[in-house]
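Numbering (the working numbering), first residue to last: 902 to 1477.
Below, a list of computed lysine-lysine pairs in the PhoX-like style, where the Cα atoms sit at most 20 Å apart:
no. : residue 1 : residue 2
1   : K1321     : K1436
2   : K915      : K1134
3   : K915      : K1184
4   : K1436     : K1134
5   : K1436     : K1322
It is worth saying that the hints were derived from the structure and are not from the lab.
Computed from a prediction, not measured in an experiment: that's the story for all the values here.
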Amino acid sequence: MTVERIFDQLGHFKRFQACLYFAAVFQAVACGIHYLSSVFLVQTPNFVCSAPGNVTGVLYGNLTASSLEDVLPAFKLGTGPLVARTAGGEQWELSRCRRALRLDPTRFAYTFHGNTTARACDGNFVYDRTEVVQSIVTEWDLVCEKEWLAKLCQPTFMLGVLIGALVFGDVADRVGRVRILMLTSVCQFGFGVSVAFSGNYYYFVVLRFLLAMVSSGYLVVVFVYVTEFTGIKVRTWTSMHVHAAFAVGVMVVALTGYLVRVWWIYQLILSTCTSPFLLLCWKFPETPFYLMAKGRYEEAQTLLDSMARFNGLEPTLRVQELLEPEERENGRALLHEAEGRPPQPDRKLSILDLFSTWRMAGRTCTVWAIWFIGSLGYYVFSLGSVNLGGNQYMNLFLAGAVELPSYLVGCYAMDRIGRKKTCAPALLLAGVACMLIIVVPDDIDALAIALAMTGKFAIAIAFGLIYLYTCELYPTIIRSLAVGSGSMMCRVGSVVAPFCVYLADVWIYLPQLIVGILAFIVGVLMLLLPETLGKPLTTTLEEAEALANQPSKKDPATGRKNVEDGLEMNHRKAKA
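Make the full structure from the sequences, and use the hints.
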């Protein structure tokens, strides 16, 4: 069965496919929004332990004020405590997580050489609300001994992403793509709004976990959906530019965070900005590939007729034309090929087959490392952009904006100079950019931000390309295993990324340094992988091992490498 003939007759990307594509990708913006929204949900503003009673005077170095809120914008960790005097005459030395009562002070001064008695804060804190009016940290006092609860929000979200990808990817193959798109879209809206009205931290985390599952589910299935509705000539571009919609979501988060400083209003706006999609998704048709694979030929015929009419063509294509002739021809070809080979017994394949030889084992480890560093680097650059100095909202906006040209450059380069020659230099560039951040003086924020954005640009190229490259490196019999295991390493990277970002508390550029070193090492290792551009897809392990020795096919008319095999694989990758 060759459903690809549909696009030869009805168009690879005409009006019908374009309308479906842009509508489906519009909802993918919500995935980018929810993945990165925690950047401002869990913001921790400057804070200090509160003094018991009404404060009548505050001293901080040479500064004098009548309230703690007036001094907090100037308060810096590690520079000494705030000294507060209460209406009852008590004097308190206040730091972030402790307070000390001065015993028998003679005057109200910043320096004190007498005895003090340390007291617990008992959950009473004062926050600087000039930048962050209200976040979940200020709402539920997630500081000091509760600080780990705030830092647990993003890792638990990424764990939900991992589980959602596993669950919904499998279910979509059983019940259809459209049902999962509708379900996850409605749930994204429902869970997103529910998060805004969560009454306590634990409800918040559970609802965000469920939101992560459905967001991940939509993102996984929408790749398959748009791939199965677009022809081979545009499939690489359409599948990769779903990532661009995700990047737009990151930019929306930055803009909304700048305009709205109250976390539940911020969450509510982000959850409703793509709600118009809910009015459209119930009209989405099932993909022709899925209908044909499930034997639902009448529905497939109705879909083909609708596509033809919407594209301004006569509905002359019949489902029967896609079945019998091709099946007989393919069957004869397979039989003829099998006659020249001894029969091989069927066996159940496992992940161990990815390590069947030393060459394949080395290839698998390298590919897994690319998946891991691609995901780790992507989220470290995105989540950590707010720690680079300067305007945190502009930093996050730029982190999303640099992705848009990266996918254009990646698409263009991968089909002309090759997969390896695009991905390996991108990883090396990301590594160099990250490590150069170390030598940037502290007072030159603009240069550090520029280097970080260069790293994000490069890592986005590699992250977008690895999906297709993995499929082309492995034979048909273990291709799904290769992509599935690589995707798991990707999810591991996304779970680890928030913890890596938290290392900025140790040194502000430590996360970028870790990513830079790993990206550089993986980029060098990738140079050992074979090029797959213009090479036929492999069927057996022996053919896959011999990839490095096969010349690339070129178009006799143009002299350029033929990329159609790679484009075809992009479809098979999505189905897997």
